[in-house]
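Dock chain to chain to rebuild the complex, using the hints, since each chain is given by itself in its own frame.
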Amino acid sequence: MRTPLLIAALLASCAPAAAQDSSADKIAERDLREMRAMLPGTYTNEEQVYFHGELDRPADTALPRLDLIIAPRDAGGFTARTVNPATGRETEARLSYSVRDGAIVSREQRDGQPDCIRRFTRVLGQYRGEPVPDAASESCGGFVSASPEGFVFGSPDNPFVMKRAREFRCWVSPRKSDNSYGFTNNITIHDQGGRAWVESESGEHDRVGIKMRRVDWPTGRNRDSLVLYAYRGQDEDNAVSYGWTGPDGDRLALNLRWMQASCTLADNE
Amino acid sequence: MSEMRCYMIVTADIADRDAFISGYGAATAPLVAKYGGRYLLRGPGARLLEAPDVGAFGDGASMVISEWPDREAAMRFWNSDDYAKAKALRAGVADVQVLLIDAPKFTSEPA
Chain A
1 MRTPLLIAAL
11 LASCAPAAAQ
21 DSSADKIAER
31 DLREMRAMLP
41 GTYTNEEQVY
51 FHGELDRPAD
61 TALPRLDLII
71 APRDAGGFTA
81 RTVNPATGRE
91 TEARLSYSVR
101 DGAIVSREQR
111 DGQPDCIRRF
121 TRVLGQYRGE
131 PVPDAASESC
141 GGFVSASPEG
151 FVFGSPDNPF
161 VMKRAREFRC
171 WVSPRKSDNS
181 YGFTNNITIH
191 DQGGRAWVES
201 ESGEHDRVGI
211 KMRRVDWPTG
221 RNRDSLVLYA
231 YRGQDEDNAV
241 SYGWTGPDGD
251 RLALNLRWMQ
261 ASCTLADNE
Chain B
1001 MSEMRCYMIV
1011 TADIADRDAF
1021 ISGYGAATAP
1031 LVAKYGGRYL
1041 LRGPGARLLE
1051 APDVGAFGDG
1061 ASMVISEWPD
1071 REAAMRFWNS
1081 DDYAKAKALR
1091 AGVADVQVLL
1101 IDAPKFTSEP
1111 A
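For the record, the sequence lines run as chains A and B. Residue numbers for the first sequence follow the working numbering, beginning at 1 and rising by one. Residue numbers for the second sequence follow the working numbering, beginning at 1001 and rising by one.
Just so you know, these hints were derived from the structure itself, not from any lab. Since this is a predicted model, take the numbers as computed values, not measurements. Where hints are given, some of them may not hold.
Unchecked claim - Simulated restraints on C-beta separations:
{"#": "1", "chain 1": "A", "residue 1": "R100", "chain 2": "B", "residue 2": "G1045", "range": "46 to 56 angstroms"}
{"#": "2", "chain 1": "A", "residue 1": "R100", "chain 2": "B", "residue 2": "M1075", "range": "22 to 32 angstroms"}
{"#": "3", "chain 1": "B", "residue 1": "R1071", "chain 2": "A", "residue 2": "G220", "range": "45 to 55 angstroms"}
{"#": "4", "chain 1": "A", "residue 1": "E236", "chain 2": "B", "residue 2": "I1021", "range": "19 to 29 angstroms"}
{"#": "5", "chain 1": "B", "residue 1": "R1071", "chain 2": "A", "residue 2": "E201", "range": "52 to 62 angstroms"}
Using N, Cα and C, we set each Cβ at its ideal position, and we do this for glycine too.
Excised from the complex, chain B in its bound form (with noise of 0.2 angstroms):
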């Protein structure tokens, strides 16, 4: 893996668990792996610490974080086709916030 790791941030704020789930977890999981991503962290019930504005995106929602190779995957998954399919499958069932980014060069590695 290179220096420059990317990484996926999205808060979602879901409105029908069983529906994103069933629908759109179940077919973007496969293509994360596609593209060259992993999981590092998907699950509800974020605690907010600190936000002067979050909206829904606040206390209680949920989070993935998706770990990438660089930047150019992580664009060539979010651009895709498979993944414009699998994102209709969340229209109206959950509002999402995604953020992209590099891992900076100072970042420590783990021992």
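Chain A extracted, bound-state conformation (with noise of 0.2 angstroms):
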């Protein structure tokens, strides 16, 4: 009788441990079917750009303004673009996810370097890949955490801070030189210093731009805000004027006289 008792308690000692890597397996998919939906998007580091410069910080920490810009790709994966404006460079990766051993597992592919594969956790809504460490991951270049807020990846001392753009649908009205106005439509812009510029061939009305920022200001009482500003004329650095809302708010719009713009959130419309 002793040999089915210690079968029947080894079974019973590794029943638990079928079940929770089981168990596992099964919530590494219900995450994975999630941030597979959370991932496609716009996202930017204009924020984390705009205040390092504010802030004084040192020059050799200044890390380069990038827009990211997350598109789903056969067999559900992404294709992950990354563009510097300032220079209009770009790279792009090609982002494959699956399930093994309990846990989400990525492949980051890039022309002409090593693979990086990374382990995902998940706490909390945020989504926590670290390199696997192996030869293939030397290419990483550190971790990286995404959220519904957006992504945050690189080295931990100094790493690039991307916030997900929400997309506005915009029109701008410039007053012509006969004090009637032009009307521009369907002009899309995102939050995360988005910009466009209307202009006038015939030179019946000035040069004018709009830029949308959601200000998350890490210092001081100033509250966070949608900020939507006016430009005028060459002088792309400096807008004329701004208006601004609070930083969830899905339509700002500014009537300055020489200029009329009104910014929609695209969901809403």
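Here is the structure:
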């Protein structure tokens, strides 16, 4: 009788472990479904770069301004395109995801570089991926953390902080020299430093521009805001005027007499 | 220094030289020394004499050549968290081609 009892005891002791492994896979598969739905979008470090300068941080820690655009591709994978708007330089990575041993595992492929393998854990809505320590992960360049708010990646000491951009549809109406107003509709910009310019080939109105920022103040007592800036002429650095609303606002408009503009959250149209 | 010194040869197509020098260049220089390397050359304006297809890494490219005690030292630098932090500073600022080569034993020593 000892042997059957021993086998029964072994089975009993193994059962929770086997159940645990199975449930870990199920949890990871559910997490991966939600992660796949969350990833597509446009992300920028506009605010990080802006406030690095404003706070007089050292130049040798100044990360470049980047846009990250993640779009679905075949087989449940994604394309991650990184653009430096100042230089126009682009890089592209192909991302694929699977569940392995109870965790989400990603493979990041870039031409001319070894693949980067990361293992993700999810805690409170944040997916954190750490390089799997093997030779193929040498090019990973640090961790990745993804959440509905955006991406953080790179070196833990000085990571890129890429906030998710919300898309707005705008119209701009510049005053012409005869005091009538022009009208340009269906201008799409995002709230992480997105810009657009309206020009007149015939010179009947000034060159005018708009820009949106969702400003999260890192210091001081200013409240976070969604800001719409107005530009006039060739000066692309200094706004002539601006207006603001709460950071989650879905519509924002300006009437400066020499131009009017209105932007509405694209999802609300 | 061992017989198997190693050289890291970087060809760079720099889009924003000011950002490259003040950011990446300033952060990387102390790391090269920290991990046992030394610069032999850093400069712009390489002249291309021959190549079938070099893309942006041809005429006018910038080059950096550094010397390392051995390949392991160079790879410790390349794979370090320190360098990962510095490397981020050149994202979209410069495209680079990086080669690592051991000094062959038959290389003549300078007189």
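Hints, one by one, checked against the model:
1. A:R100 with B:G1045: 46 to 56 angstroms: With Cβ atoms ~49 angstroms apart, the hint holds.
2. A:R100 with B:M1075: 22 to 32 angstroms: holds, 28 angstroms
3. B:R1071 with A:G220: 45 to 55 angstroms: holds, 50 angstroms
4. A:E236 with B:I1021: 19 to 29 angstroms: Holds - the Cβ-Cβ distance for E236 of chain A and I1021 of chain B, about 24 angstroms, lies within 19 to 29 angstroms.
5. B:R1071 with A:E201: 52 to 62 angstroms: Given a distance of about 60 angstroms, which is inside 52 to 62 angstroms, the answer is holds.
No hint from the list above goes unmet by this structure.
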